[in-house]
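**Q** In order, the protein sequences belong to chains A and B.
Just so you know, the first sequence maps onto residues 82 to 369 in our numbering.
Just so you know, the second sequence maps onto residues 91 to 221 in our numbering.
Any given hint might turn out to be false.
As the list claims (entries may be wrong) - Here are the computed lysine-lysine pairs in the BS3-like style, where the Cα-Cα straight-line distance is at most 27 Å:
1. A/95 - A/287
2. A/346 - A/331
3. A/143 - B/125
4. A/254 - A/88
5. A/346 - A/328
6. B/125 - A/331
7. A/346 - A/254
8. B/165 - B/125
9. A/180 - A/95
10. B/165 - A/328
11. A/321 - B/125
12. A/128 - A/88
13. A/227 - A/130
14. A/95 - A/346
15. B/125 - A/328
16. A/128 - A/143
17. A/287 - A/254
18. A/254 - B/165
19. B/125 - A/287
20. A/254 - A/130
21. A/95 - A/143
Unchecked claim - A few chain A residues facing chain B, derived, Cβ under 10 Å:
22. 167
23. 168
24. 222
25. 269
26. 304
27. 306
28. 313
29. 329
30. 343
These are computed hints drawn from the structure, not numbers from a lab.
Cβ atoms here follow ideal geometry from the backbone N, Cα and C, with glycine treated the same way.
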Amino acid sequence: EKADPQKTAFLLRKAWTLYSVTPLYGFRRARLRDYARLLGAFIAAEKQKGLAVEVGAELDIKVALSSLADIRGSELDQAALLVQLSSRSRGSSRSSEDKPVWWGWFCSVFGDELSESVPEHFTCLPLFLSHGAESYTALVGSWFQKTFDCCFRRLAISPLNLSWMVAMWAGCKLDRAASAVELVFSVPCLAQPLDISYAIHPEDAKVLWDTVQKTPGEITQEEVDVFMDSLYAHFHRHFKIHLSAAKLVKISTAIASAHCDGIVKILHSQYLPGVLMLLTELAISQIQ
Amino acid sequence: HLATSLPLPSERDHLRPRIDLVVFMIDIKSKYSLKNVETSLVYVDASFFLGKVCFLVTGVGRVNACSIETNAVCKLGETYCSPVLFCELELESIRAATAQRLVRMLRICAGHIPGVSALSFVSLMRKSDDD
């Protein structure tokens, strides 16, 4: 199903930090208001202890929890859960003056492999994405971990997975002019760290992928290898550098960009479910 | 003797001692190292593949730095009937243990262990459902 573009617009063009989350125990969708209240109280208490955020001691943090019903893949997936933290200056009681400061959302897009294997009372939302101060992420994360007995872990993306992403996304059809396909490599074992950025015209990348892919809708490791090897060979011809010996750390396409530290930016709403499906798969393999 | 690729330079052929074991090192963080090994394999005489070749995959401690699929390496081992060892050179204890394994293999390949030859490695490689 396509997600409603209006509701999901705020998800695009933000840099999301990725985590894998083990299934939540005892989570009840009907209690979102209660959870928001409890989380708000927890954050306020931590601030009192002086353990929390650097910004604005005079600001209150308001918590809102909501479901994003459109963000799911199959019937087995739970609808996505959004946590939003907003700041409201003390003395003001108008919610229209709330300024959002942090977003975090849990989701599962075709995470059937996990959903099918958990016992009752567990809710599977293996992918967590956050945007905003790390201190808020730590607060929200520790509340969820305490309340639902789950575990958050940063989700790193290996060069192997990054090359899948660039091959898949460079091959996507786009109706308007696309930005360049960019690969960033970090060269190991040098006195001074060296980054190499390799930009490819999006049309050329798509043509290359179209010649490599045999069955539309299906991608194999061999096809990804041939695609990447062609890019490496082209670069070597011109610069005599073997990019295959360097570490691929970041990829950028018109659809989305991804960094090996587990940071993604989704740029195109049409491909949001596809990107989330891939990220859900990565999160699940980290959990298992 | 260490080499970055094969074939070995022919000028030194007459000075080289007998080669009992060839260990191909593949760095899991470098696709280039796998390609290099694949192109070097064609220069190895077929008789070596009776237990005198093994693949050593390094860098496996960091799962998130993989540039190579482990399946690809295991398939390589199967194609060439040679064992694939995985290790992490950055850890002293694993480095030492791996070195000991290789020395034990080398002693067998060089014929120093009576009753056991390099061919034993080949029979250990066969899956039980092959028989």
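**Q** Taking the hints in turn, state whether each one holds.
**A** Consistency of the hints with the structure:
1. A/95 - A/287: 25 Å, holds
2. A/346 - A/331: Since the Cα atoms of residue 346 of chain A and residue 331 of chain A sit roughly 11 Å apart, the hinted pair holds (cutoff 27 Å).
3. A/143 - B/125: 55 Å, violated
4. A/254 - A/88: 24 Å, holds
5. A/346 - A/328: Holds: residue 346 of chain A and residue 328 of chain A sit about 20 Å apart, inside 27 Å.
6. B/125 - A/331: Within the cut-off at roughly 22 Å; holds.
7. A/346 - A/254: 18 Å, holds
8. B/165 - B/125: Holds - the C-alpha atoms of residue 125 of chain B and residue 165 of chain B are around 14 Å apart, at most 27 Å.
9. A/180 - A/95: Holds, because 16 Å separates the two Cα atoms, which is no more than 27 Å.
10. B/165 - A/328: 23 Å, holds
11. A/321 - B/125: Distance of about 16 Å is within 27 Å: holds.
12. A/128 - A/88: 31 Å, violated
13. A/227 - A/130: 18 Å, holds
14. A/95 - A/346: With a Cα-Cα distance of about 6 Å, the restraint between residue 95 of chain A and residue 346 of chain A holds, given a limit of 27 Å.
15. B/125 - A/328: At roughly 15 Å apart (the allowed maximum being 27 Å), residue 328 of chain A and residue 125 of chain B satisfy the hint.
16. A/128 - A/143: 13 Å, holds
17. A/287 - A/254: 8 Å, holds
18. A/254 - B/165: 34 Å, violated
19. B/125 - A/287: Answer holds: residue 125 of chain B to residue 287 of chain A is near 25 Å, not above 27 Å.
20. A/254 - A/130: 52 Å, violated
21. A/95 - A/143: Holds. Residue 95 of chain A to residue 143 of chain A sits at ~21 Å (cutoff 27 Å).
22. 167: For residue 167 of chain A, the interface hint is violated, since the closest Cβ of chain B sits about 34 Å away, which is over 10 Å.
23. 168: Violated. Min distance 34 Å.
24. 222: Since the shortest Cβ distance to chain B is 20 Å, the answer is violated.
25. 269: At about 8 Å, which falls below the 10 Å cut-off, the nearest Cβ of chain B leaves the hint on residue 269 of chain A intact, so it holds.
26. 304: Hint violated; residue 304 of chain A Cβ to chain B Cβ min 13 Å, cut 10 Å.
27. 306: Holds, about 8 Å.
28. 313: At about 8 Å, which falls below the 10 Å cut-off, the nearest Cβ of chain B leaves the hint on residue 313 of chain A intact, so it holds.
29. 329: Holds. Min distance 7 Å.
30. 343: This hint holds: residue 343 of chain A lies near chain B, its Cβ roughly 9 Å from the closest one there, short of 10 Å.
Of the hints listed earlier, those the structure fails to meet are numbers 3, 12, 18, 20, 22, 23, 24 and 26, in rising order.
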